[in-house]
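K.L.:
Just so you know, the sequences run in chain order A and B.
Using the numbering used here, read the first sequence as starting at 4 and increasing by one per residue.
Using the numbering used here, read the second sequence as starting at 29 and increasing by one per residue.
For the record, the hints were derived by calculation from the structure and aren't laboratory data.
Note that the Cβ used here is the ideal one computed from N, Cα and C, for glycine as well.
Hints are supplied without guarantee of correctness; some may be wrong.
Unchecked claim - Taking CB as the label site, the calculated pair distances span:
1) B:Trp100 <-> A:Arg85: 53 to 63 Å
2) B:Leu117 <-> A:Val49: 56 to 66 Å
3) B:Pro104 <-> A:Gln30: 46 to 56 Å
Claimed, not checked - Calculated pairs, SDA-like style, for lysine to any residue (alpha carbon to alpha carbon, straight line, at most 25 Å):
4) B:Lys102 <-> A:Ala50
5) B:Lys110 <-> A:Arg261
6) B:Lys110 <-> A:Ala31
7) B:Lys110 <-> A:Gly59
8) B:Lys102 <-> A:Lys592
9) B:Lys102 <-> A:Arg261
10) B:Lys110 <-> A:Arg63
11) B:Lys101 <-> A:Glu243
12) B:Lys128 <-> B:Gln99
13) B:Lys126 <-> B:Phe67
14) B:Lys101 <-> A:Asp212
15) A:Lys284 <-> A:Asp163
16) B:Lys110 <-> A:Leu35
17) B:Lys101 <-> B:Lys126
18) B:Lys102 <-> A:Ala38
19) B:Lys110 <-> A:Glu39
20) B:Lys110 <-> A:Asp212
21) B:Lys101 <-> A:Lys284
22) B:Lys102 <-> A:Glu243
23) A:Lys284 <-> A:Arg372
24) B:Lys101 <-> A:Ile41
25) B:Lys110 <-> A:Ile41
26) B:Lys110 <-> A:Ala38
27) B:Lys102 <-> A:Ile41
28) B:Lys101 <-> A:Lys233
29) B:Lys101 <-> A:Asp287
30) B:Lys110 <-> B:Ser53
31) B:Lys110 <-> A:Leu25
32) B:Lys101 <-> A:Ala690
33) B:Lys102 <-> A:Leu33
34) B:Lys102 <-> A:Gly44
35) B:Lys110 <-> A:Asn60
36) B:Lys110 <-> A:Lys592
37) B:Lys102 <-> A:Asp212
38) A:Lys284 <-> A:Glu243
39) A:Lys284 <-> A:Pro268
40) B:Lys110 <-> A:Ala50
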Amino acid sequence: MREWWSKIRQALHLRRGLDGDLSDEMQAHLDLMTAENIERGMAADVARAAARRAFGNLTRTQENAREAWQFPRLETILQDIRYGLRGIRRSPSFSAVVILTLALGIGANTAIFSVVYSVLLRPLPYPHGERLVWLGESTAKASGISITWINFEYWRHDNDSFENMAAFAAEDLTLTGRGDAVLTREWLVTSSFFQLTGARPALGRLFTDHDDTPGAAPTVVATADCWQRKLGGDPNVVGESVVLDGTSYQIIGILNPRFQFLTRPVDFFLPLGRTAGGSHKRSDHENIRAVGLLKPGVTLTQAQTNLDAIMQRLTLSDPGPEDDHRAFAIYFTEVMAGDVRTTLLVLMGAVGLVLIIACANVASLLLVRSTGRAREIAIRVAIGAGRARLARQLLTENIVIAAIGGMLGLLLAAWCLRALILIGPRDIPRLTEATLDVPVLLFAAVISVAVGLLAGLAPVLNAGRVDLTAALKEGSPTAGTGWRGQAFRSALVIAEIAITLMLAFASGLLVRSLIAAQHADTGFDPQNLLAIELQLPESRYRSDDSVREYYGQLSRNLRAEPGIQDVGLVNCPPGGGDCGDYWYSILEKPTPTRDDVPLSLFDTADASYFRAARMRLIAGRNFNESDRAGGSRVAVINERLARQEWSEPRLALGQHLKLGGPYMEGPALEIVGVVANVSQMGLDAEAMPTFYYAFSQRPSSAMVVTLRTNGDPAQWMNAARRQVSALDRNVPIQSLRTGEDWLGATLQRRRFATLLLGLFGGLAMLLAAVGIYGVLNYWVSARQREIAIRLAVGAQRSTILRWAGLHATRLAVLGIVLGAIGAWSAARWLESLVFGVTARNPLMMLLAGAAVIAIAALAASLPLWRATHTDAVRNLHEA
Amino acid sequence: MSTVDDPRKALEFLQGTLEVLILRSLQGTPNHAYGISQFLEQQSEYEFLVDNGSLYPALQRLLQRRWISSQWKKSPNGRRAKYYRLTPLGRTQLVAAKSKWMRFVEAMARVLAPQR
């Protein structure tokens, strides 16, 4: 330690001084010796010469002394690097294969890692993002449901786990008075929201507590994007007012352009407390969620216990129908990652396996080369190179190769990443922010070095065991082909086959799932269906009658269009996801306990929707004209809900659905019909229990108008736009898509994951094929002479084929058995990604096995052909 | 190669011995490199021949470990030379090394020439 410290100080300050000092010292030494010689009676020049002779080699001594102060490693490492580069130039095709293999492995891994880092690992763009917690309420059945305003107020004031807390709610409002009416997206937030998220104004100011109290003057903060696009980008707009759903709000500020909250695009922020602050019931849900900033050192569980205690206390001081509700808390980072986590981790695992195959290929290539270099290594050992020194040189060479591969891999990763972002689904949060930044570069560097070390280990270990006499004998064919190297290469091939089988199995499962999802029974006919998504501005359509009137007239006008067969209204079309769920119970059945009240999705449809969408009616009837507002309230349920409650769907007819369950207020609806399940949450999702309200009895201003057309629905898009605009130009069209688009969008993620995993599976197969080819080819080369002799003494070609084929088959069978075991045990990781088939699918295993065998056979065929076509005479003659 | 030792040839230093001997040579008074080599040769009755190619690196190593320190001084006959002296650390090292080597030598002697 002390020596090193001295050396470092020496390297920093004194290097030059030392040289002078040493030569001075030695000169003095010589002088002393010369003086003694003169005293003994020698002549001056003779005395000097004698002293020089006695001293020995002056320069050498000086060099030796100086070396004691140097870091020899650094300098020899540079030498090794130069040597490595020379080696690459000497065998360019070999190096190209190795470097390309590494670049593929490292590039793919780096690209996927940068996505994983951006989506799962990168700190949130908020101050102390790691302490931000998402808050909601939960019951025994549902967690993360909305908080009521009053509960939030109690939490905010009574907790001692959070530094700060903010509530927020989403809302869509219509902006009027600036050209055509446009639908805008809002976040209603408490004034603490901007402190928590670290948002800053680009212009003006943000909300104060004063803006956030009931009865305050209406104020609004616009996002930079909205300011540019919808407010003309004029700085003087601050202080002006905008009309949202008929209310005039004063613009007090423009937000910093970099600010983003969740993935939802947003135009305006409004103060939540101004409107929600009037609420006083603890069961008054308004779709509010909250974020909290944990105090440093407080755990999530502590915070949750703290909030639960508040909820428990409230059941005593302010009892109500929701006394069983508790707090729900989850780290914000987890919310952001959401359910992409599994997908990304599976992809990362798959691409990691590809890297292992690449690594195995490179290892076996390097091993082959190092046996080819056995003579060179033997010479080095013979002239005194130590084992450690040799190992260091070989490792440095490998790392140089890996570094070049890594750099090429980075280029590849940059290109792949752009493609990934382009094809990636929009709903993966922060995917578009993925870049090759410092952590990603670090990752690439680490795996490059690790791969260099790992792949280089085998030849290095081998180098120490070189049999000098054997290797030095000219042309000795056995040089370096010992059983050890052979066994190692065989092990690599087995591992490659096993891993390839696992990847083939996994990507096969995903492809099968995608096909299953694409052919899933949608429960309706998405072809020739056009969907117009509308949201009536509340200022103009305040009453239920006006909403009914508008949609009734629009339906009539559209029906009159030539080529439109039918028009139906639905609140949430198939593929439209979750438009809300609620507790229910069946009046005619035993009352469930408080914890067992079931949940069902709800939707709203008009009388012609089921017909227009061609949804199969299983029992009872559709809604019809007799289901009027004020009449007996009715509902249509889906098959899933019917089968959950009754053995036969038709038994549901005439029974009553009590909304809110037995413990909450709510109307009872008579079940008049049962319809087929539809792919509500997407093509690759299980059907959920759903009931439909009759539009006539519960109109909603947000409806999707579905048109059944005579042919390609895209042809009626203009007609649809014209009719909506003709009826009321202040009603904005939110979206205009075909039924297939609605459904297709739900498969974006699945397609993305399947494409990538398929790509990795293909890459694995390619690399494995190269690896198998290389190893078998080498195996044949090493036995060329043996084969020649066998042929010369009369062996049949078929015997040779059987012999070599047996070797190849043994490797393949072992690899496939190991791979099957691995795939079988890893299948549970895939369970959440698989649809329509079981993850442990024997058929898929057979198919994957067959594919791998085919690839292995293809890769083995060339070396086997070479083995059987050895020219015995020529081969023996040359040897 | 002859297996019988040639008494006319000087002894080679065993690994690590030269450094101990340098420390010992500095125990009494500071000395310069030439003086050290003279001292060792005379004390060993010319059994050891000190090669400057080994002596100088050994001195550098001892300097790095802070067992000795160096200083330019005038020699008694008026010549400038670099003098080495033991540091307190070097002194304790010498004591430890000396007892270790004595034990080693005695053990060697007991094994090689047992006294019956």
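K.L.:
Run every hint past the structure and note whether it holds.
P.N.:
Hints, one by one, checked against the model:
{"no.": "1", "hint": "B:Trp100 <-> A:Arg85: 53 to 63 Å", "result": "violated, 40 Å"}
{"no.": "2", "hint": "B:Leu117 <-> A:Val49: 56 to 66 Å", "result": "violated, 43 Å"}
{"no.": "3", "hint": "B:Pro104 <-> A:Gln30: 46 to 56 Å", "result": "violated, 19 Å"}
{"no.": "4", "hint": "B:Lys102 <-> A:Ala50", "result": "holds, 22 Å"}
{"no.": "5", "hint": "B:Lys110 <-> A:Arg261", "result": "violated, 68 Å"}
{"no.": "6", "hint": "B:Lys110 <-> A:Ala31", "result": "holds, 8 Å"}
{"no.": "7", "hint": "B:Lys110 <-> A:Gly59", "result": "holds, 19 Å"}
{"no.": "8", "hint": "B:Lys102 <-> A:Lys592", "result": "violated, 114 Å"}
{"no.": "9", "hint": "B:Lys102 <-> A:Arg261", "result": "violated, 74 Å"}
{"no.": "10", "hint": "B:Lys110 <-> A:Arg63", "result": "holds, 20 Å"}
{"no.": "11", "hint": "B:Lys101 <-> A:Glu243", "result": "violated, 89 Å"}
{"no.": "12", "hint": "B:Lys128 <-> B:Gln99", "result": "violated, 30 Å"}
{"no.": "13", "hint": "B:Lys126 <-> B:Phe67", "result": "holds, 17 Å"}
{"no.": "14", "hint": "B:Lys101 <-> A:Asp212", "result": "violated, 81 Å"}
{"no.": "15", "hint": "A:Lys284 <-> A:Asp163", "result": "holds, 24 Å"}
{"no.": "16", "hint": "B:Lys110 <-> A:Leu35", "result": "holds, 12 Å"}
{"no.": "17", "hint": "B:Lys101 <-> B:Lys126", "result": "violated, 28 Å"}
{"no.": "18", "hint": "B:Lys102 <-> A:Ala38", "result": "holds, 15 Å"}
{"no.": "19", "hint": "B:Lys110 <-> A:Glu39", "result": "holds, 17 Å"}
{"no.": "20", "hint": "B:Lys110 <-> A:Asp212", "result": "violated, 80 Å"}
{"no.": "21", "hint": "B:Lys101 <-> A:Lys284", "result": "violated, 96 Å"}
{"no.": "22", "hint": "B:Lys102 <-> A:Glu243", "result": "violated, 92 Å"}
{"no.": "23", "hint": "A:Lys284 <-> A:Arg372", "result": "violated, 79 Å"}
{"no.": "24", "hint": "B:Lys101 <-> A:Ile41", "result": "holds, 22 Å"}
{"no.": "25", "hint": "B:Lys110 <-> A:Ile41", "result": "holds, 21 Å"}
{"no.": "26", "hint": "B:Lys110 <-> A:Ala38", "result": "holds, 16 Å"}
{"no.": "27", "hint": "B:Lys102 <-> A:Ile41", "result": "holds, 19 Å"}
{"no.": "28", "hint": "B:Lys101 <-> A:Lys233", "result": "violated, 87 Å"}
{"no.": "29", "hint": "B:Lys101 <-> A:Asp287", "result": "violated, 95 Å"}
{"no.": "30", "hint": "B:Lys110 <-> B:Ser53", "result": "holds, 15 Å"}
{"no.": "31", "hint": "B:Lys110 <-> A:Leu25", "result": "holds, 10 Å"}
{"no.": "32", "hint": "B:Lys101 <-> A:Ala690", "result": "violated, 97 Å"}
{"no.": "33", "hint": "B:Lys102 <-> A:Leu33", "result": "holds, 15 Å"}
{"no.": "34", "hint": "B:Lys102 <-> A:Gly44", "result": "holds, 24 Å"}
{"no.": "35", "hint": "B:Lys110 <-> A:Asn60", "result": "holds, 20 Å"}
{"no.": "36", "hint": "B:Lys110 <-> A:Lys592", "result": "violated, 107 Å"}
{"no.": "37", "hint": "B:Lys102 <-> A:Asp212", "result": "violated, 85 Å"}
{"no.": "38", "hint": "A:Lys284 <-> A:Glu243", "result": "violated, 35 Å"}
{"no.": "39", "hint": "A:Lys284 <-> A:Pro268", "result": "violated, 31 Å"}
{"no.": "40", "hint": "B:Lys110 <-> A:Ala50", "result": "holds, 22 Å"}
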